[in-house]
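Asker: Kindly produce the complete structure, drawing on both the sequences and the hints.
Each chain is listed here by its residues.
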Amino acid sequence: MGGIIKENCPKLSLNLFSPEDIQRLHEATLDVIETVGIRFPSLRAQEIWASHGAQVDAKTGIVKVPAHLIESALKKAPPAYNLGARDEKQDLPLDGKHVWVATDGCGVEIIDLYTNERRRSKLQDVEEIARVADALPEVGFHWVALSAQDKPAHTRGLHEIAAVWRNSTKHVQTESIYNVAEAKAAVEMATAVAGSKEALRKRPVLSLMQCTAPPLGHDGGSLDAALIGAEAGLPVGFMTMAACLTTGPATLAGNLVVGNAEVIAGTALIQLAYPGASVFYAAAQTASDLRNGAYTGGGPEDFLFGAANSILADFYNIPISMGSFATGAKEPNWQAGVENSLSTFMASIAVSDMLLGVGFLHGSRIWSFEQMLMDCEIYEIVRRTLAGIEVNDETLALDAIKAVGPGGNFLTQKHTRAHMREIFIPDYLDRRPYNIWEEKKDGPRDWARAKARKLVETHQPDPLDLAIVREFERIIAAEEA
Amino acid sequence: MSKELFDAMRQCIIDGDPDLAAELAQKAIDQGIDPVDALNEGFVPGVNFVGEQFGLGEMFLPELVVAGEAMKTAVAVLEPEFTKRGTERQILGKVVIGTIEGDIHEIGKTLVATMLSASGFQVYDLGVDVPIMTFVEKAREVNADIIGISALLTTTMVRQKDVIEALQDNNMATKVMVGGAPVTQGWAKEIGAHGYSEDAVGAVAVAKNLMSAG
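Residue numbers (our numbering), protein chains in the order written: chain Z, 6 to 486; chain F, 1369 to 1582.
None of these hints come from the bench; they were simulated from the model. Treat each hint with caution, since some may be false.
[Said to hold, decoys possible] Chain Z is nowhere near these chain F residues, computed Cβ spacing over 12 Å in every case:
#1 Ile1397
#2 Val1433
#3 Pro1448
#4 Thr1451
#5 Gly1454
#6 Leu1460
#7 Lys1462
#8 Gly1488
#9 Pro1499
#10 Asn1511
#11 Arg1527
#12 Asp1567
#13 Met1579
[To be verified] Listed below are several chain F residues computed to face chain Z (Cβ distance under 8 Å; list not exhaustive):
#14 Leu1429
#15 Val1526
#16 Gly1554
[To be verified] Derived BS3-like pairs (lysine-lysine); straight-line CA-CA distance at most 25 Å:
#17 Lys156/Z <-> Lys1529/F
#18 Lys1557/F <-> Lys127/Z
#19 Lys335/Z <-> Lys1440/F
Since the structure is predicted, the reported quantities are computational estimates derived from the model, not experimental observations. We treat Cβ as the ideally placed atom computed from N, Cα and C, and that holds for glycine.
Answerer: So, in structure tokens, the structure goes:
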């Protein structure tokens, strides 16, 4: 059985931008799209743009779109919808009130759970991560965590989503389907899981996330794949990772304009092709490291982007899939704790509908089960913090206070027993007496590793109907033929 | 006279001013200054200064890149003068570089190309989405010492191996460097690449090592 996913509805709020700030970001974005243009290296995308009156340069693939066309297209996007899951009880409303976290993706290496050695990722890892995520009540849905590098490149993305569905009843969002053939096959597989094309439209068990190619570009295969997904009713989103200094300006506002231009132009394209299609904003913006240009995976700029992108998505009234966690740390340590806590806090307080995600080290490259479980604890701490403080007759506890009076204690009060389980009990914070710790000098990483091993070895997800498994095999075999 | 010019050359590299670099290079030619001196006493000390400051953490990647761009412009202006005088610019080696077929991710590759060229390599940048045989043919054409292959996707990364195999099939001993987010030291080793670096600054050291390893 999959775990019951924890509800997460942040009550606290943030005051990052004034309405004038947002308007300026929006207008600057429209100016860029209209006068500089966005590269759409897909014939199909270019045809759609041309037929709606955008200016298409066939040679460069750069499309310049009048502001009114972008704005009217975006208005067709639904503001809220549900992500479907194999288990209907685990469908996730993207309604602007909830935050859900996924496993992060898509990495290439893993710290082996048993040998503790770093090694290349394979399909079995995708299966085991999905199984552990299925069991965890913090995890709401899946990204494909690791690349199944033991499978052929052209069907790898299909093996990966099949592996997740076989091992979990939660929603799957893939970031690893980026060509027409794979997208068609993925839609077929999702249809098999949902039961029919109509059922898939109603409760999409798969969503597609496509990366943009910053600055101001898209990948042709990704655009074509997104269009195929949207046609079948799968929610699709474009993720910008435009980074200050390298693929974006050094200033945060400028980098937001670049990323926003990529995302809303891609989103508008989907709406022109399939008006009313479920779409989402997606972003993991950062500032490149000043010394080596590297993706940082944390820092104050990332934390601000985490909230800012979400506020932009709200402005366009569409859900967002937001990069948080993804520490640059090489092992689960101080850096990982600081970066993942703050990025998740900022993305959550801005009510990012989807957070990505738990489990990675070294900027989303190396999977660590230890980090995954500790990230879940970070998520839980943030979730509880943002729930705020409820003030009413019961929580003011006047009866209990009057009963105890000065100098007593509250341990024996009925009110205490009624509410004590609302208090957070950490799994991975060490609150033991010093001498107990001294005996083994163990800690959160050890406990997380033990828990992950236990889940890998014992958790039995609801099995996927054998007929669907056979259908997956048929679809993948056809692609491999 | 030339000391002032050399100082200005050094400074224009530090300031990362390609237009001024071109202007000063032309001025040197007009004054009959040997292009070898213009490079070694004018522009190169600027590159070295930026490199040192970068190492000390006083200057940063964007400054390194614009210094590289200014250097490239200066060299381009001086190049015909070398030919005219029948001398050759001293280069550390020839590098053919590109992002592999099916992959359009450019920035990492371009950064490495700029760093290599600023460090004294002759760089032939083939751009993105480069077919396997284009790497091989260009390397043969220019008699390259090193081929640099970038990939950002695990699905395109596998083609780095195809380039190495194609070189073997053609009996070419060109060294191969690989890079890109999904690429690891382990992958580089497995496919028989000679060099790997996670970032552009490290890539220069790797290329220099490959040259001295012969």
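Asker: If a hint holds in the structure, say so; if it doesn't, say that too.
Answerer: Cross-check of the supplied hints:
1. For isoleucine 1397/F, the condition that its CB be more than 12 Å from all CB atoms of chain Z holds, with the nearest at approximately 34 Å.
2. Non-interface call for valine 1433/F relative to chain Z: violated, since the shortest CB-CB distance, roughly 9 Å, does not exceed 12 Å.
3. Every beta carbon of chain Z lies more than 12 Å from that of proline 1448/F, the smallest distance being close to 31 Å; the non-interface claim holds.
4. For threonine 1451/F, the condition that its CB be more than 12 Å from all CB atoms of chain Z holds, with the nearest at approximately 34 Å.
5. No Cβ of chain Z approaches the Cβ of glycine 1454/F within 12 Å, the least distance being about 39 Å, so the stated non-interface status holds.
6. The Cβ of leucine 1460/F sits about 21 Å from the closest Cβ of chain Z, beyond the 12 Å cut-off, so the non-interface label holds.
7. Every Cβ of chain Z is farther than 12 Å from the Cβ of lysine 1462/F; the closest lies at roughly 24 Å, confirming the non-interface assignment.
8. At the 12 Å boundary, the C-beta of glycine 1488/F stays outside the reach of chain Z, the nearest C-beta of that chain being 20 Å off.
9. No Cβ of chain Z approaches the Cβ of proline 1499/F within 12 Å, the least distance being about 16 Å, so the stated non-interface status holds.
10. Distance to chain Z confirms asparagine 1511/F as a non-interface residue, since its nearest Cβ pair spans about 30 Å, more than 12 Å.
11. Consistency note on arginine 1527/F: stated as away from chain Z, yet its beta-carbon is not over 12 Å from all of that chain's, at 9 Å minimum.
12. Distance check for aspartate 1567/F against chain Z: the nearest CB is about 4 Å away, which does not clear 12 Å, and the non-interface claim fails.
13. Every C-beta of chain Z lies more than 12 Å from that of methionine 1579/F, the closest at about 22 Å, which supports listing it as non-interface.
14. A hinted interface residue such as leucine 1429/F counts as satisfied when its beta carbon comes closer than 8 Å to some beta carbon of chain Z; here the least separation is about 5 Å, so the hint holds.
15. A least Cβ separation of about 5 Å between valine 1526/F and chain Z falls short of the 8 Å threshold, and the interface hint therefore holds.
16. Hint status for glycine 1554/F relative to chain Z: holds, with the closest Cβ pair at about 6 Å, below 8 Å.
17. The hinted pair formed by lysine 156/Z and lysine 1529/F meets the criterion: a straight-line CA distance of about 16 Å does not exceed 25 Å.
18. With a C-alpha separation of about 18 Å, the suggested pair lysine 1557/F and lysine 127/Z falls inside the 25 Å cut-off, and the hint holds.
19. Using a Cα cut-off of 25 Å, the hinted pair lysine 335/Z and lysine 1440/F is violated, with the two alpha carbons roughly 36 Å apart.
Going down the numbered hints, you'll see the structure goes against 2, 11, 12, 19, while the others check out.
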